[in-house]
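The lines below spell out each chain.
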Amino acid sequence: MKERLQALKARFDSEISGAAEAVAIEKIRAAYLSRKGGELSLLLRSLKDADPAERPALGNSLNELKAYMERRLTLAGESVGTDGTRDPVDVTLPGRAPRLGTLHPITQVRYEIEEIFLEMGYCLASGPEVETDFFNFVALNFPVDHPARDAQDTFYLEGDFLLRTHTSPVQIRSMQARKPPVKIIALGKVYRRDSDVSHSPMFHQVEGLAVAEGITFADLKGTVLAFARRIFRSDLQVRFRPSYFPFVEPGAEFDISCVLCSGGGCGTCKQTGWLEMGGAGMVHPNVLRTVGYDPEILSGFAFGLGVDRIAMLKYGIDDIRLLFENDLRFLEQFPS
Amino acid sequence: MKFSLDWLKEFVDPGLEAAEVGARLTAVGIPMDSLERVGRDTVFDFDVTSNRPDCMNHLGLARELSVATGRPLKTPSCEIPPSVDLFTAKTSAAVEVEAPELCGRYTARIILGVKVGPSPDWLSGRLSAVGLRPINAVVDATNYVLWEMGHPLHAFDLARLDGRQIRVRRARPQEPLTTLDGIARKLDSETLVIADARRPVAVAGVMGGRDSEISSSTTEVLLESAHFDPASVRRTARKLGLHTDASHRFERGADVEITLPAADRCARLITEVAGGRVLPSVLDRRSAPPSRREIALRPERVCRLLGLEVPKSTMKDLLERLGCGVTDEGASRWRVAVPSFRGDLAQEEDLIEEIARHHGYDRIPTTLPSVFVLPEGRPEAEKRSRRIREAVARSGFAETVTLSLVSASDNETLSEAGPGLKVTNPLSEGQDRLRGTLLPGLLRSLVHNLNHGSSEVRLFETGSIFRAPARKGEMPDEEETISMVCGGKGGLKHWSGPPQPPDLFDVKGAVEVAARSFGLPSPDWRPAHLPFLARGTGAEAAIQGNPVGFIGQAGPAIALAHELDEPAYLAEISLRKLFARLPAGWGPRHHPLVRTPSVSRDLALLLDEDRTYAEVEETIRGVEGIPLVRVTLFDRYRGRPVPPGKVSMAVNLVFQNSGRTLVSGEVKEMLDRIIQRLRDRLGAVPRVN
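Line order of the protein sequences matches chains U and B.
If you're matching positions, the first sequence starts at 1 in this note's numbering and goes up one per residue.
If you're matching positions, the second sequence starts at 1 in this note's numbering and goes up one per residue.
Errors might be hidden in some of the hints.
[To be verified] A few chain U residues that face chain B, going by a derived Cβ cut-off under 7 Å, partial list only:
1. T107
2. G121
3. Y156
4. L157
5. E158
6. P201
7. A210
8. A212
9. T216
10. D219
11. L225
12. F240
13. P242
14. E249
15. L313
16. N326
None of these hints come from the bench; they were simulated from the model.
We put the beta carbon where it would ideally sit given N, CA and C, even for glycine.
If we strip away everything but chain U, and leave its shape as in the complex, we get (with noise of 0.2 Å):
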């Protein structure tokens, strides 16, 4: 008897896949289930005549399996449109997606270099866009009156304060609020008065600081290794130039060849295979005595990039002014 039921079930579910109008689901209905001449109408019928021991059990098996013959005639009912036949779908047709938003590209870069740096031990400090002269500039050994202050193009503000021209107060700030040894990071805006097609009078910067007893250029130099070639590509080198920054000591520029010809000499990198990326240097003794840290048992290094510069470089952007123009049909190219 299970055999049969078993048998009776396969054949319903062949029959009633293959259906694709209404006539043919009617037709199904009446085979199986019309009280007269429908096959599990009649089993149910001659339950009687089985064995009363085997009765309960065989009767249950019945009613379930009518139970699931009628939800699967209704199921294939409803996916039957109203003329009689199964409606296909054009599934082609566009999906109903939100609109999607977007993340700017230097937030998104800022994201990917505070994850490279946090990996690397470091801590995130930030500090405000308007500073003063202490910060800015004292603190960083540029003494009142002198040249080096020319090259930062600073603006004024009323009141004695001026917008920050590098992230570099935030290495005072840190260094004041927290005791050696101290690996920080801090990304920001920094404004210079100049705007031409490279410049724009608001940038981005991303400052590292890392002070600690014996910490040496060499080590300045593996970690924007490590760190360009995270943010890159695992094969680029990096190049240390002498250069004069008046918080660091010795100083340097340093160089990346080139992300876009890898070396061999594009417009990008001017023909020279090389790309100036930013400063750097060991923190100068009179800035960590400023701190109060004590330039004998203390050494560090600081480190300063365009954060614009990595975006414009990783997203093939060539002109700056893109990333604060803010037109959708660039700031879509960004998903997020």
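Place chain B on chain U using the hints.
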């Protein structure tokens, strides 16, 4: 700064191609910007940093090249041809320094019998190569020595110096002087001048005066070679709006020991190109102590700071070739005497840089700091901003970054905070204030996108807005803020239905998403009038009774200022105020799920049209003793068959008792009480369809 390869070769023969000369100097910290062939010469443009005034001339640059290439350095001759003369400098003129604090040394040579004409070709050619305009043989000779040895010199027509004397003093208030550029200036007592017995004849270290300049009739020359205080020269040059070759070098620090050799070198050159004879004896007033700087250097520390083993012999050799004297003081300590032209070398680290840059930065290995600092992860505030940015972006807004510099009228049009913090040296008038609201930049971006064909624009920005300090001595306030704008007539078209152009409820929804992304309740909204919003569209958002920001439709003033001809909707929320509503250590918390069945009922109401939805919801929620878990407005309708002056609102109410299943009689009783309260308070009539 321009340099001629021919000229450099007078002092060092690098034995290298021009491009390689540029590369070598770049590698030691004097980067080459460009190089250009001019005739048989090559002209370089080097970017000399402000700490290296000693390299702002050919001899100084040749010294670096000599160390970088190991080739010997030759120095120019400063010997004065012997003369037998009845006169001496001391009997022909007098020098008095009345302000020694600003002028540490004043050296002068007297040359008589010059015949001033144009310079010979070799001299004018050299000057032209570095971008100078030849003037006459005497002036050209001073410029030549400036570009050769780096010291600024000035030649006076001695016959025009009243009393044949030089007095170095502060100017008197309002004292007049017409400088070489023809501008009549009024000086003040902060300005150091070179004066004769009667009047100023030059602004010290910046520019000479017209009355005493060398002319074709000049026969007697007083040649000045002085040392002035760098900060004073810089202040004066800035005040006068002048930047000259002389001030550029004095600001960066000149060499007090070079005044005499430079004067002699130039006097000799003048006799060669303009004839005449140098009088014996020199006028030399000096208050500056001899420059004898000595720095202690620990060779071991060089290696420790660089992370590189440098042989001691290499260190010593490099320092000596740079002009330093090195004396051993025991095995681990040297005494290094620094040459007078290297004012930038003041402490041990400066010497370490000298060694490192000539030994080669590329020899330093790459390692990583071995120090471990307990990671802090992202700061809480940073995590919150990030969460909110992502939530708003997910609800369809594109993040922007706009300029923090705006105009006073931007701030006044879009905020109630006044014109904003003033930039005293703006690039342009339209960027002379710090933004007191994020909206100006966002609206500009909105208009930009509408003008470029977008039919629907939704933008947001997070960033600081600025306010002047509340009290003197405090820092200006920087408040982290999020703002959204949306607009566009079209909306997004979709085959399944008509497009829905953005409206006020899009920005409102974004604000609600922002609050909810922290598990905060949706803000309470109260109609609020802000002068820049369209009448009747403004609303203030408050959380737990504390205002956090506003929404509204841009009013006519904004439309005019931004040339906006479509409706635009704005929201600005203070993240500081929003985050202040978060309990400390906020994070998601689980509440037990209520497992009893809930009961849902719809209720349609007819109300006077000035009744707000907030009143309806408040009234419903105000009925005591009803286990109401959700109220949702699902329809709002005016027009037929709703009578004029009335509005229909339909709400869905969900009842659920956490303890037991509600029975239908109870629900009916609750609904009746709600209807009764709505009738009493708001005059609402249940509507039967």
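**OP:** Against the structure, test the hints numbered earlier, and report the numbers of the ones violated in rising order.
**Re:** 15
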